[in-house]
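A.B. asks: Put the complex together from the two separate chains, hints included.
Residue numbers (the numbering used here), protein chains in the order written: chain Z, 1 to 333; chain X, 334 to 548.
Read the hints as simulated data drawn from the structure, not as lab findings.
A few of these clues could be false.
Calculated cross-link-like contacts (lysine-lysine; reagent style PhoX-like; alpha-carbon spacing at most 25 Å) [said to hold, decoys possible]:
1. X:K386 to Z:K288
2. Z:K246 to X:K529
3. X:K453 to X:K434
4. X:K529 to Z:K218
5. X:K529 to Z:K155
6. Z:K115 to Z:K2
7. Z:K115 to X:K473
8. Z:K288 to X:K529
9. X:K473 to X:K453
10. X:K434 to X:K448
11. Z:K231 to Z:K246
12. X:K542 to Z:K115
13. Z:K228 to X:K529
14. Z:K270 to X:K473
15. Z:K218 to Z:K288
16. X:K434 to Z:K115
17. Z:K297 to Z:K35
18. X:K338 to Z:K218
19. X:K338 to Z:K260
20. X:K448 to X:K428
21. Z:K95 to Z:K297
22. Z:K3 to Z:K67
23. X:K386 to Z:K260
24. Z:K288 to X:K338
25. Z:K218 to X:K386
26. X:K434 to X:K501
27. X:K529 to Z:K231
According to the in silico footprint, chain Z covers these stretches of chain X (three or more CB under 8 Å from chain Z) [said to hold, decoys possible]:
28. 351-357
29. 406-419
30. 520-528
Think of the CB as a built atom: it goes at the ideal place given N, C-alpha and C, for glycine as much as any other residue.
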Amino acid sequence: MKKYGLTTPEGTRDLLFGECTARRDIETKLTRLFKNHGFSEVITPFLEFYDLFDSSRRYFPQENMYKLTDAKGRLMVIRPDSTIPIIRLAETRLKDEPRPLKLCYCQTIYRVNPKEAGRDDEIAQCGIEIIIGGEGGEGGEGGYGESEALELAVKALELVGGGEVRFEIGHCGFFEQLARDNKINETEVDEIRRLVETKNYPELLAAGVPPDLRELPKLFGGEETFGKAEKLFGDKEMKKRLNSLKSAYDNLRRIAGGDKITVDLGLTNKRGYYIGTLFNGYTEGFGKPVLSGGVYKVNNTAAIGFAVNVSAAAANKGRLLSENIASGDAYAE
Amino acid sequence: MRNNKIRIALTKGRLEKEALGLFGEMGWDVSAFSDKGRRLIFTLPGAQIVLAKAPDVITYVEHGVCDLGITGKDMIMEYGGRYFEVADFGFGRCKFALASKKGERENFFEGCEIKTVASKYPNVTRRFFESKGMDVDIVKIEGSVELAPLLGLADGIVDLVETGATLKENGLEIREEIADISARLIVNTVSMKMKKPEIDGFLRLVESKTQEKVK
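Looking at chain X on its own, in the form it has when it is part of the complex (with noise of 0.2 Å):
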């Protein structure tokens, strides 16, 4: 038996409040998240949702054992990987910033010794710099990525600013703007082809919400 129920991983946190919220507007009964204590896989009628930290909703995806994945364009472009990234459901909103300390280093690209830049995306960190034809020594933390230049590690930082108020409290000014992040739904290659009217159905459905939200 064909199994047509399509299977999707949400990105536990943020946009899964989001998320949540979008469903409810398609029509979907999302009571069951109310009270979800620790549960982390749910069956709708219309889907099955697993709950996952945003890197292992990629790589669910990319393996298969769910079809659908929503996750931030950020952790598309640190992780990469191999899916069909179909639609930008438009919450989520933020950047991802070069920042330094306020007064310092106001040209970040001037001047030719080394600097060291830390962030949790050091992929994202290389080919940005890399963009600039500058060589940068990168060091990953893990979060309050802030903390690096206060503390001395780093000259600067390339994390994700939403409304800049933390670089802000912490005395750090944005240098330049890296790319535009929002939430995306990605699609396991396969399950586009062999699941293609489910798909379809959930894609129309998630459009036409987002649109009406864009006007």
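Extracted from the complex, chain Z is given alone in its bound form (with noise of 0.2 Å):
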């Protein structure tokens, strides 16, 4: 039989030197933050029973969970995710508490990649929630929290970018409604849902879906942006949306100034439990979001938060270093 003792298992990996200290100082940094902005720490269980998760399938595929059994053989998940305990804890032990309830985190998940994809099982993650609504409650657009949010993840964004960063904003009723204006029924909306948040312009005049659904993910980019749909949207409440989008990014502009304020009309419900404001932060060097978030909502709680990857954003400020220093622009900042 072949022994694995001596390497860790695919998908993960130790961390030493500059890569360990580079991520336990983003992880300070980050938590420092957020609690100077009233933010309170919690920190949940590394194994979590499947039921959690298995209510929100769509976004937490089966296949892509880690899972055992605990000693009375029901079936435990490693946490894929942080959003959902903390939701849990909200509606539980914290039901009592007066909203908003601001929360932050710093802690790993877990998901199963496909092998060899180069891409890690274990990740870092430091974020905050801002519980908005407790039974019942309404989050959402323009809701309360969303501007401090914003603000926080463009700072927790500056602060581990190490180069060149953008933020975007978008809202996923864009989609949505445009989606039930144009009578798109349920069982093809998933399918040109995921068309528009691909960009994929052919498939989508392939499959004869209407002009304005078309367009939309082409909607993307600076201030000029804003102007473009404006003369495509007909629709009043669509219109609105698009102005308190207009004056969220505006204030961004204000905040982090220049063009590292970018908008997105195309982002999309993709993980299926956002219903409002939708953000990523991009940092050079890196080829996906290293920090998301957006309004949701879970059972009956909305809320608004978001993850940075700290894992990511280790080891690129480990990557812009060497490179600096191998070009001998290390002490150019």
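C.D. replies: Given below as structure tokens:
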């Protein structure tokens, strides 16, 4: 029998020296930032019952979760996410706490990735959740906590960026309403949402999708995007949503300045639990968003939150540092 | 300093020739490729071009080490992944099809015995038969899939068909066409946002040239 005593499991690794220091440094700075803004830190268990994530299976397909059984034979998962456990906490032990409830966390999550894809299964995240409504509460557009979460996200991104960064906002209501107005039926809407999310212009055309839905994913970029969208959207609700996004955009530009802030009206509710504003943070040299979040509703709780991929930020920081050393730019900053 | 140049992963072989033709029409100097030897990276004034095998084009784009990729829809269907798929080049056209031996199993979906299907594209094959509500055994074959039914390993094959000549010469017939294939432009999700002006510029050039051809 082959022995596996000398390697780490696929998708995991030991963190040494520079990267280890970078990760702890980022975790410390983010936690300090969150606490300075009045967030209280929580730690949730490494293991959760499978049932907790089973209710949101669109976002957490079972093949992407590590599973095991407890002593009673019940199915458990190693947490694939921290948001759902924090909502569980808010709805149970913290149900009588006054809202809004401002929680932050700093812990690892585990997801099963295709092997040899060069992706980590273990990801360190730091994030916040602002629990807006309790039972039957309504969050949503322009709701409480939104500008606070957005401003904090921009600060968090600048803190971890280490190079050029972009912060992007959108709102899943644009797609959902256009789909409703165009009477897209339920069997087709998931596929069209996927095509919009992946900016699949040729397939949207081939599928005969109505022109306004086809244009939606092309509406991304800087300030000019709002002008283009204004022309495309006739509906009052759409215009209202656009205006509120524009004021959030203007506000963030005042804070972060320059062309760091962008907008993408083609962002969709691909995860199944978002109900309003969505946002992503990108940094040079990492092929995926390093920060992402939005307004969501899980069970009966509306909230807004985001998570920073600390593993990616730490690796990126290590890489930028060694590149700068190699090119003699280490002291250029 | 921000690196504004875009890096394009290009599938070696037939798509490479077609794409270089298009780049030439776009006014790019592609003469470096005529005597390329074994080089894999080419720096042109407009972009850096990387030559890679088709599935690797997807990997490089997904990880963001290449901003753009030119690969077939067949690879996108088989390997999936997270990236934007923004343009159809219109070249590299062919079809995914199910085929079996001439005169045998004319209705492939009939009967309740489990059939064996050979393919280079197990994921595409699995999804196709799932959509038919059929249980099949899938055997992954790396090349000349036509052999499998001839040698008695499989009842049918799922493969790319261009003209149908290979099938015909080997006594096979198409039972059903599964999907139309052509070359696509894929874009890393972060590059799309970080290098928008450069990528938009490239996309507009590509669209103007490919639309001329459609006309």
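A.B. asks: Each of the hints needs a verdict: does it hold here or not?
C.D. replies: Against the structure, the hints come out as follows:
1. Restraint check for K386 (chain X) and K288 (chain Z): satisfied, since their Cα atoms lie roughly 23 Å apart, inside the 25 Å limit.
2. Restraint check for K246 (chain Z) and K529 (chain X): the C-alpha separation of about 20 Å stays at or below 25 Å, so the hint holds.
3. For the suggested pair K453 (chain X) and K434 (chain X), the alpha carbons sit about 18 Å apart, so the restraint of at most 25 Å is met.
4. With a C-alpha separation of about 11 Å, the suggested pairing of K529 (chain X) with K218 (chain Z) holds against the 25 Å cut-off.
5. For a cut-off of 25 Å, the pair hint linking K529 (chain X) to K155 (chain Z) stands: about 23 Å separates their Cα positions.
6. For the hint pairing K115 (chain Z) with K2 (chain Z), the CA-to-CA distance comes to about 19 Å; that is within 25 Å, so the pair holds.
7. At roughly 18 Å between alpha-carbon atoms, K115 (chain Z) and K473 (chain X) fall within 25 Å of each other, so this suggested pair holds.
8. Between K288 (chain Z) and K529 (chain X) the alpha-carbon distance is near 16 Å, which keeps this suggested pair within the 25 Å criterion.
9. Proposed proximity of K473 (chain X) and K453 (chain X) is supported: the alpha carbons are some 6 Å apart, at most 25 Å.
10. Simply put, K434 (chain X) and K448 (chain X) have alpha-carbon atoms about 13 Å apart, close enough for the 25 Å limit, and the pair holds.
11. Under the criterion of a C-alpha separation no larger than 25 Å, the hint pairing K231 (chain Z) with K246 (chain Z) is consistent with the structure, at around 15 Å.
12. The suggested pairing of K542 (chain X) with K115 (chain Z) is violated, with an alpha-carbon distance near 39 Å, which exceeds 25 Å.
13. About 16 Å separates the Cα atoms of K228 (chain Z) and K529 (chain X), which keeps this hinted pair within 25 Å; it holds.
14. A distance of roughly 32 Å separates the Cα atoms of K270 (chain Z) and K473 (chain X); the hinted pair therefore is violated under the 25 Å criterion.
15. Taking the CA atoms of K218 (chain Z) and K288 (chain Z), the gap is about 19 Å. The hint holds against a cut of 25 Å.
16. Among the hinted pairs, K434 (chain X) with K115 (chain Z) is inconsistent with the structure: their alpha-carbon atoms are about 36 Å apart, more than 25 Å.
17. Proposed proximity of K297 (chain Z) and K35 (chain Z) is supported: the alpha carbons are some 24 Å apart, at most 25 Å.
18. For the suggested pair K338 (chain X) and K218 (chain Z), the alpha carbons sit about 22 Å apart, so the restraint of at most 25 Å is met.
19. Straight-line distance between C-alpha atoms of K338 (chain X) and K260 (chain Z) comes to about 19 Å, which keeps the hinted pair within the 25 Å bound.
20. Taking the CA atoms of K448 (chain X) and K428 (chain X), the gap is about 22 Å. The hint holds against a cut of 25 Å.
21. Proposed proximity of K95 (chain Z) and K297 (chain Z) is supported: the alpha carbons are some 16 Å apart, at most 25 Å.
22. A threshold of 25 Å between alpha carbons decides the hint, and for K3 (chain Z) with K67 (chain Z) the separation of about 22 Å falls inside it, so the pair holds.
23. Only pairs whose Cα atoms come within 25 Å are accepted, and K386 (chain X) paired with K260 (chain Z) is rejected, the gap being roughly 35 Å.
24. Of the pairs offered as hints, the one joining K288 (chain Z) and K338 (chain X) holds, with about 19 Å between alpha carbons and a cut-off of 25 Å not exceeded.
25. Of the pairs offered as hints, the one joining K218 (chain Z) and K386 (chain X) is violated, with about 29 Å between alpha carbons and a cut-off of 25 Å exceeded.
26. The straight-line distance between the Cα atoms of K434 (chain X) and K501 (chain X) is roughly 10 Å, inside the 25 Å bound, and the hint therefore holds.
27. For the given pair, K529 (chain X) sits about 22 Å from K231 (chain Z) by alpha-carbon distance, which is consistent with the 25 Å threshold.
28. Requiring three or more residues with a Cβ within less than 8 Å of a Cβ of chain Z, the coverage given for the segment 351-357 of chain X is violated, as only 0 such residues are present.
29. A stretch counts as covered by a chain when three or more of its residues have a beta carbon under 8 Å from one of that chain; for the segment 406-419 of chain X and chain Z the count is 5, and the coverage holds.
30. For the segment 520-528 of chain X, the assignment as covered by chain Z holds, since 8 residues bring a beta-carbon within under 8 Å of that chain's beta-carbons and 3 suffice.
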